[in-house]
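Line by line, the protein sequences give chains A and B. So for the first sequence, my numbering puts the first residue at -2; every next one is plus one. So for the second sequence, my numbering puts the first residue at 172; every next one is plus one.
Bear in mind the hints are in silico, worked out from the structure with no lab data behind them. A virtual CB, placed ideally from N, CA and C, is assigned to each residue, including glycine. Only true hints are included.
Chain A is nowhere near these chain B residues, computed Cβ spacing over 12 Å in every case:
1) 200
2) 244
3) 391
4) 453
5) 508
6) 553
Some chain B residues judged to face chain A by a derived CB distance under 7 Å, without partners named:
7) 249
8) 267
9) 269
10) 274
11) 313
Partial list, computed: chain B residues near chain A (C-beta under 8 Å):
12) 265
13) 266
14) 283
15) 285
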Amino acid sequence: MTQIISLFQAAIVFGTVILFGATGEILTEKSGNLNLGVPGIMYLGGIAGLVSAFFYEANTANPSAIVAVLLATLCAFLASALGGLIYSFLTISLRANQNVTGLTLTIFGGGVANFFGGSLNKLAGGVGQISVAVTSGGFRTKLPGLSHLGTVGELFFSYGFMVYLAIVIAIVTQYFLTKSRSGLNLRAVGENPGTADAAGINVTRNKYLATCIGAGISGLGGLYYVMDYTKGTWANDGGIEGLGWLAVALVIFATWKSVNAIWGSYLFGLLSWMYFYVPGLTRSSQEIFKMLPYLVTIAVLIIISLRNRKENQPPASLGLAYFREER
Amino acid sequence: MVFLETATAVQMKDVTKRFGEVVANNKVNLELKRGEILSLLGENGSGKTTLMNMLAGIYYPDEGQIVVNGKDVAIRSPKDAYDLGIGMIHQHFKLVDVFTAAENIVLGLEEKGKLDRKAIAVKVKEISDKYGFDIDPNQKVYDMTVSQKQTVEIVKVLYRGADILILDEPTAVLTPQETDKLFAVMRNMKADGKALVIITHKLHEVMDVSDRVAVLRKGEYIGDVATTDTDPQKLTDMMVGHAVTLNIDRPKADKLTERIEVEHLTVKDKDGINRLTDVSFTAMGGEILGIAGISGSGQKQLLEAIAGLQIAEEGSHILYKDPEGKEHELLGKNPLDIAKMGVALSFVPEDRLGMGLVGDMDLTDNMLLRSYLTGRGAFADRKAPKKLANNVVDELEVVTPSIATQVRKLSGGNVQKVLVGREIAMNPTVLMSAYAVRGLDINTSYTIYNLMTEQKMKGVAVIYVGEDLDVLLELCDRILVLCGGQVSGIVDGRNTSKEQIGLMMTQLQDKEAKA
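Please model the complete structure; the sequences and the hints are all you need to start from.
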């Protein structure tokens, strides 16, 4: 029983990281921008949150957890949105190839983050010496009262606020995209920018906004990884990058619906941690289990291709630049 | 007989638009009044669509002034156009496939907050009832017929309160019945005091629906006349600048030889529905075999089956009889082998660039697509295609800055000329073409008809899928009529009436009568 509960807890924590990443990417892709820079953006979010928390705690006598959490979240969001802005400028204004730009952004984000992460480790006196106890503690504060409700409490209420924030953002994103006029306009931009343009929708503004805000949301995944998953440390182990790619896979798995991404992310979490709880696995058979999320994504791709329902397809102009006077 | 106040809605003064070195519109003056339908007539590349795109905010004029409702305006975006009450229904529909009719209609409207789908449906219904449209607000666009999509486009424009409507070749994709319905709606809108512009090539439609005709030629404004004061011959003269004989030359070839024999051809689509059922006919060298039918009756599948691009059901046979008298089964052969035997397909699909030409490549490279296997070893021969490209440009009068221009930058008619020109240059024994003159102006159409006839006289078996029955009846020796994927009859082009073919297109009367 404890085993199962701890598997589910691990799955939810794992899932939350990629849920942020996937929700942000869904918003981005709905505008027609295929941003493969998600891992890089999550790196940016993670390091910006960590650096801001580190300096706040180092320079304040009695750091307040609330201030620290808000500051780290804000910095993570802004740094990631800046990553989105770089991507937007290159692909929307300069009409650079989206795939190339995205992959470059991933390499760039990883480089920047590991550079500052390494510097931070040095400042703190060595690897693993970074101390952002107050901030990390703030992120990991459980809901008061509710987490003591036995099994239910352990399963549903034993996490920091970011777990619930991820769900709320995913639901709000879905609501925005399907129920609001602005969401309709945004989807039109991703499906058929020529049509959107002719209908008087500002294609460029929609793409910029969706990409930058989407990147900001994705970046929160990196922040959560650093503050909760690794409890406020930095390691140049490429952990965020792997999760970033899973977030991209999750977008496809969720068929571009952020509500599907919620349970999808937890399923990915379960599959990713399964090897830890299945007895009798050797090192090599563990690796087979780690493949599961990707295998499931391939299976979903095959199924949606076979069923060929228009609603489950990617936005029609995903990956294409738009230029009004081109014929 | 119009009693409504006929105030001027739009005035364009000395409007000029250039694309690179090509002048699309040169100092054009145009006036549009309320409560009238104006036909904008002109050959291909005469700048009709470009001119209207400047009203719709797609392009911005390089010079000149646009006056709307008496005020000088600058229309910088489609949104500006909407704000001025100008709405354009483009030739290629601007709709989002995965959205419903209602969602497409309200797209981009500046109303804040939640989408109230019910309120939208009510308002759409109101507009539909007022003008006589038939529309289901909750239907997805990908489930719609072309005519339904067009209806959505028009309602979309009206929903925004447009009182100046521009329709760019609205009838190109409609059946005659749908066209009548559209014209009825247009007259309703006219009676409501709206100003309408219709861009079309079809002279009988001009005569039928419009009050006034404005003519453009090569980007220049030629003039305008009241429809009642003119006739098709006069309009053609204005359009082309000199009289065009409307008679297509149809000599008889000395010798007919059997070239292609299609037997019991049945083709299913990916959903398992029969697109062609038990089609049998013979195409002869030395004649033009016309194929008539409402669009989507299996014309595409028939040509593709012969060219090796379709999988036919068991029992189907397509025999090719080469000039030496040998017979070859074409089914199961790959397109390259079939093309090598001399079967050429100049298939002009609906989107023009989809098959046959590569939009991002220039004219020479597109010629090379047919000859890339020749040349020395691994290197393709580029000289011959370059020469061919120059020839095609000269002979068919393709308007292009140079042969190094990407094909997608040419206008639709010019793209077609390039494609047809290349296929004819292959010296085929069988030449198939579909909609070869779709969207082409009269002069170019005749060039193409003459090319086809020239090929026929050389002994080539020409298969010509066409839309315009008048042309089919004047051009073709025999006409095969398709109806719902079946042959409803093969008639002599010289002594059959238009009405007979029209009937055969809509019902399989021959077969039913015999059965």
